[in-house]
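From just these sequences and the hints, can you work out the full model?
1 is the number of the first residue of the sequence shown in full-length UniProt numbering; add one for each residue after it.
Think of the hints as simulated: they come from the structure by calculation, not from any bench.
Idealized CB from N, CA, C, for every residue including glycine.
DSSO-like mimics (lysine-lysine), calculated; alpha carbons at most 27 Å apart, straight line: (1) Lys177 / Lys2; (2) Lys292 / Lys396; (3) Lys396 / Lys31; (4) Lys16 / Lys31.
Label pairs and their calculated CB-CB ranges: (5) Lys441 / Ser344: 45 to 53 Å; (6) Ile447 / Asp390: 20 to 28 Å; (7) Ala152 / Asn172: 21 to 29 Å; (8) Arg22 / Ala152: 52 to 60 Å; (9) Arg457 / Asp7: 54 to 62 Å.
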Amino acid sequence: MKDFIRDTEIEELLRKAGSPDRKQVLEIIAKSRELKGLAPEETAVLLQTDDPELILAIYETAREIKQSIYGNRLVLFAPLYIANYCSNNCLYCGFRRDNKELNRVALSMEQVAEEVRAIEREGHKRLLMLCGEHPSRSSLDYFIEAIETAYATHTEEGGEIRRINVEIAPMNVPDFKRLKAANIGTYVLFQETYHHETYRAMHPHGPKADFAWRLTAMHRAQEAGIDDVGLGALFGLYDYRYEVLGLLIHARTLEADCGVGPHTISIPRLEPAFNAPAASSPPRPVSDEEFKKLVAIIRMAVPYTGMILSTRESPEIRTAVFELGISQISAGSRTNPGGYAKDSSEGFRAAQFNLGDTRTADEVIHDITTRGHIPSFCTACYRLGRTGRDFMDLAKPGLIQHFCRSNAMMTFKEYLMDYASPRTKEVGEQLLAGLVERTEKLETRQILIERLGRIERGERDLFI
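Put into structure tokens, the structure is as follows:
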């Protein structure tokens, strides 16, 4: 695979779309409601739209699309950083090689298990496992052993990790096959920025300096049999409009070449990080209004791709963009290895970046429940083989909702029984009762009543 991102082509798309007329924007908005996605040319027009009235129409359409495909579900996960040694020198990252004041940590397998137990006691069932890129301190052997350790770690009250998604440096096909054999879920990798000059400036040293090797990693992962992959850009490094088009071109290229596009797209914004100059002073900061706009437009452009929002953002911004397209969120996160089991005020000296949302998982769950969202810990699709093209074959006709809503409710019931605070359990039970009552299909309602009752009596891990 060769580099397929052309800076001049993306800049030309944005130039041609400059100052779009109202009729053109409304036609593209109407097309997005067909749930077939948008071309880069059409997406560029929306990105160049500044009319407040049209922006509101974009928001409203994104809400409709999110509701139509994902409903009110929000899937929850916790990131687990196992090592912060790194041979790269990314100017926006606390883990960067030249940060001599960072407390370097590589967790032992006993410490990994300790972290997992702490995460399980928050109610989480899925992890995103991460580490720095270092040939000895975070090798593939070490990473796979940590995956195996996490899966094997169980706590009281049904505490277990049912699926581990991973974010690890690009590899060759044989190594991706080894990763696949470790029973992972989604392979996640951020290009960070799709703008070549900015990429070179932000990654001056280390293996990550190779733009094309990173860009084509998803093709190699899919060749190795990993059919669920997740893209991402780090907003704030370059023009957000350019980055959105880069993500879209990447997604469309994957679908054309591999038969299926990305399962998820992540949209982190730069947050301050210990001794990371570009994070403290972002080259192209993205305002809150621009952030909301880009979330909505991505939802319209790739309607069946999940969108992930991390705890980089404040609770207020997270709340604002949930309904604009977000389908997965982290909660109760720590970005320093060992931070769940032994959190401390010095944790930032080992962290990748600072958090915007420092609430506990239960506080986040209580908040989203009171707003009508269904917290979901579901991992059924991974374990039943509904991944990659099979997932999209169910998602595009709208059939996946038949599984997802019910599975979300059952996993949320588990959380309420095992981990929720009294106030969260109260609002959660009210939400579930209302959802059961509003389930139109009699057969589905009967299944839900029966299985929610079984969970209340002690059974766990029920799904369809």
